[in-house]
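Asker: Go by the hints and put chain B onto chain A.
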Amino acid sequence: MTEPALVVPALEVDGLGVVYGGVPAVRNVSLSVRAGEIVGLIGPNGAGKSTTLHAIMGLVPARAGDVRIGGISVRGRSPETIARQGVALVPEGRRLFGELTVAENLELGLAGRRRNGAGGDDLGAVYELFPILADFRARAAGELSGGQQQQLAIARALVAQPTVLLLDEPSLGLAPVVVDLVFSTLQEIRERGLAILLVEQRAQRTVVLADRTYVLANGELRLELTPADAADTDRMVAAYLS
Amino acid sequence: MKAILASGLTDFLSDAVDLQVQVDAIGLGAVFALMAVGIGLVFGVLRLVNFAYGQLIMAGAFALAFASDRGWPVVVGIALCFAVVIVLSLVMERAVFRPLRGQSPAVMLIATFAVAFLLQSIALLWFGSLGKTAASLTELNRPFSVGSVEIRKIAIVAIVTAAVCLALLVLLLNRTSIGLHMRAAALDFQTARLLGVRANRVSAVAVLIAGVLASIVAVLLTVQFPTVTPTFALRETITVLAGVVVGGMTRLLPATLGGFTIGYVSGLLGGALPTAQSQYLPSFVFGLVILVLLVRPGGLFTRGVPLQERV
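Sequence lines, in order, name chains A and B. This note's numbering applies: residue 1 is where the first sequence begins, and numbers increase by one. This note's numbering applies: residue 1 is where the second sequence begins, and numbers increase by one.
Please keep in mind that the hints were generated in silico from the structure rather than gathered at the bench. Note that beta-carbon positions come from the ideal geometry of N, C-alpha and C, so glycine has one too. There may be inaccurate statements among the hints.
What the hints assert, rightly or not - Just the calculated beta-carbon pair ranges, DEER-fashion: (1) 118(B) <-> 218(A): 48 to 58 angstroms; (2) 291(B) <-> 122(A): 47 to 57 angstroms; (3) 109(B) <-> 145(A): 37 to 47 angstroms.
Unchecked claim - Counterexamples of contact, computed for chain A against chain B with all Cβ distances above 10 angstroms: (4) 21; (5) 23; (6) 57; (7) 79; (8) 179; (9) 187; (10) 217; (11) 220; (12) 224.
Isolated chain A, as found in the complex:
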């Protein structure tokens, strides 16, 4: 794949290596995501998908390689600094503050907004995208259904007005109709010009949605798939991993 020389990708992962508990969990992973792109990351459990996201976010240290946001290296920075550089993570299991209200959870998202960020008031845009959250803004987040909680987790990340959105298995444990909603929301967010890196278990749906999807196994990128491969995804992944 060729990249336009003048456009700096929103997110560049360059030869990333992570060691977890003495064992290499991620080896020499390189990928880039431009504004308005969705890049998928699929693979078996323990392949290093979440670890890759955690390393980008500064939650685990990178042993090798570099992570650049808009061309600026963030390797070795704290998670809060990286968040303020415009990266938002929707973590696995959502990690909402269950006893805080929906509105308070969203206000926490403001903490990641860059100082010189666009501003604008504040929660209106995400309430527009997720009307159910506006209705439930005074409720404790822990009282929402799983699908509503996932919407809240994505909304909380968007409040920060990030340029890069990382999602760790956002469809996990959701009913099929809610999964549809999550995927269509991602499509909508992409059109707003965010760069999205999506870690998922639902391989085929990810390949269909994403501009390109990498298969990660044993901490290494093994295979690149495009939407044209959607029909054959399962067969190709299985063949490659066996």
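Answerer: Chain B alone, transformed into the frame defined by chain A:
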């Protein structure tokens, strides 16, 4: 024998409902509640039991004594107390708490022990074991009469001060963004950080607020106990720590109620027990602590079942 016990009990009860004893007990409860907030707030954000909290109060009390020794005005003494305690708090945060963040609770507890003994030893070298007297505020310790009852002014001052401080803290925690950040950090520090909540700022603010409360407690305690020694506030701190654990360490409100309760019960027992038996007061109080912990190990004021996610 039975008759003596019965009359003793009657005396005890009539003393306990005595207005003067009640006001004093609530006053002590108020001071202990402030200490509990100072300890609970830092524990909430840093998961660190600050055993050195009492030594901060001791340092503030010495600042008051120092100022009173030199005949400085009361206001200057109080300002010096605040300055000393707040600077010490922030140095402690920067030099000890911050580098140890994320370590095991045992490591952090022992580190605060070390800080506590360090500060105590410095006080011992500087002021000697007999200590100094902070005389400038003793006027507040005098009683005034309401009808036939004598009430010490300091009890009222303590109750009002604590009420105002707690109200301000509730406003700060619930109405400001730094307050929201602190509550989030207390619930899940890592998630708060990845949302962009600045860990250093949150922990410094928690320690700063705890320091302001310690200064206030130093002023309130020196009025009642003007003799300031290196072990000043040590026993109170241990009692409050017990109260905080009894109330429920992991939440601020139960911790505060625990601090208040143990202060109130101490005050009540201290006022109602015959003077000859007041030396047994800690035994009674800590006996109750053990009893409560056996029955409700999670804390007296915590809800039984934590909020569960509905999926």
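Asker: The structure should be examined with respect to each hint, and the outcome stated for every one.
Answerer: Comparing the hints with the structure gives:
no., hint, result
1, 118(B) <-> 218(A): 48 to 58 angstroms, "50 angstroms, holds"
2, 291(B) <-> 122(A): 47 to 57 angstroms, "50 angstroms, holds"
3, 109(B) <-> 145(A): 37 to 47 angstroms, "41 angstroms, holds"
4, 21, "16 angstroms, holds"
5, 23, "21 angstroms, holds"
6, 57, "6 angstroms, violated"
7, 79, "4 angstroms, violated"
8, 179, "14 angstroms, holds"
9, 187, "24 angstroms, holds"
10, 217, "26 angstroms, holds"
11, 220, "25 angstroms, holds"
12, 224, "28 angstroms, holds"
The structure shown violates the earlier hints numbered 6, 7.
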